[in-house]
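Model the full structure from these sequences, guided by the hints.
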Amino acid sequence: MLSFSILLFATATLGVNMHIPNYFTSAGYSAAFAAAIFAAYNFIMIFGKLALGTVIDRYGIRNSMIYIFIVGLSAMALITIAGDIKWLAYVFAVVAGFAAAIMTIPAALWTAAIMGKKDFAIIYSVMNVFLTLGVALGPPISGYIFDAQSSYLPAIKLWMVVLAISMILALLSYQKRPIID
4 MLSFSILLFA TATLGVNMHI PNYFTSAGYS AAFAAAIFAA YNFIMIFGKL
54 ALGTVIDRYG IRNSMIYIFI VGLSAMALIT IAGDIKWLAY VFAVVAGFAA
104 AIMTIPAALW TAAIMGKKDF AIIYSVMNVF LTLGVALGPP ISGYIFDAQS
154 SYLPAIKLWM VVLAISMILA LLSYQKRPII D
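Residue numbers for the sequence shown follow the working numbering, beginning at 4 and rising by one.
Because the hints were derived from the structure by calculation, they are not lab data. Among the hints, a few may not be true.
Unchecked claim - Pairs of lysine-lysine residues, derived as BS3-like cross-links and limited to a Cα-Cα distance of at most 27 Å, are as follows:
| id | residue 1 | residue 2 |
| --- | --- | --- |
| 1 | Lys160 | Lys52 |
| 2 | Lys120 | Lys160 |
| 3 | Lys89 | Lys160 |
| 4 | Lys52 | Lys120 |
| 5 | Lys179 | Lys120 |
| 6 | Lys179 | Lys121 |
To be verified - Simulated restraints on C-beta separations:
| id | residue 1 | residue 2 | range |
| --- | --- | --- | --- |
| 7 | Phe7 | Thr28 | 32 to 42 Å |
| 8 | Ile69 | Ser33 | 34 to 44 Å |
| 9 | Leu112 | Ser33 | 34 to 44 Å |
As the structure is a prediction and not an experimental result, all values here were calculated from the model. Ideal Cβ placement from N, Cα and C applies to all residues, glycine included.
Put into structure tokens, the structure is as follows:
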């Protein structure tokens, strides 16, 4: 269940994140504005990783799962309206920067917390295959949807549903974790 959650969050996250500049140019903004939003998003991601680490340390794995998925869903909701309201693009960059931490920190920690530390390297290697597969699937699926629909909004709405399913699977995985160690 955790591996499927990781696959889904990687697919959804990269399905949106890799298309941020194209989304804003397709919404009518200049390439310079789209690049500025993407640069701000990448800069804020530094602080997002630190914040997620703090949330994990202070509130635990389960609460960090809820936090990062809510932030991710909020970012996706914001981008759907930021195409029409310019200042929301900046708010999106901040929220999405915090949400992007999902791609770097949680998979290893969640794997250890849910599966235990025995044989961690082998188990995490398998989880990392699912993460990498999601990274490879998300961007081309979004691109295909854009080509078919002339809009990124259907893809973003799809990724919101996928991310919500991923959250449910992650929380169920945590709830059903074996007592190990």
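Exercise. Are Ile69 and Ser33 spaced within 34 to 44 Å by their CB atoms?
Worked result: Between Ile69 and Ser33, where Cβ atoms are some 37 Å apart, the hint holds.
For this session: Take the C-alpha atoms of Lys120 and Lys160, compute the straight-line distance between them, and say whether it is at most 27 Å.
Result: Cα-Cα ~36 Å, so violated.
Exercise. Taking the beta carbons of Phe7 and Thr28, is their distance inside 32 to 42 Å?
Worked result: 33 Å, holds
Exercise. Is Lys89 close enough to Lys160, meaning Cα to Cα at most 27 Å?
Worked result: 20 Å, holds
For this session: With respect to the beta-carbon atoms only, verify the hint that Leu112 and Ser33 lie 34 to 44 Å apart.
Result: 39 Å, holds
Exercise. Is the hinted pair Lys52 and Lys120 satisfied, with a Cα-Cα distance of at most 27 Å?
Worked result: This hinted pair holds, its Cα atoms lying about 23 Å apart.
Exercise. Going straight from one Cα to the other, do Lys160 and Lys52 come out at no more than 27 Å?
Worked result: 25 Å, holds
Problem set entry | Hint consistency between Lys179 and Lys120 [alpha-carbon to alpha-carbon, up to 27 Å] | Judged against 27 Å, a Cα distance of about 16 Å means the pair holds.
Exercise. Is Lys179 within 27 Å of Lys121, Cα to Cα?
Worked result: Holds - the C-alpha atoms of Lys121 and Lys179 are around 17 Å apart, at most 27 Å.
Checked against the numbered hints given earlier, the structure breaks only hint 2 and satisfies all the rest.
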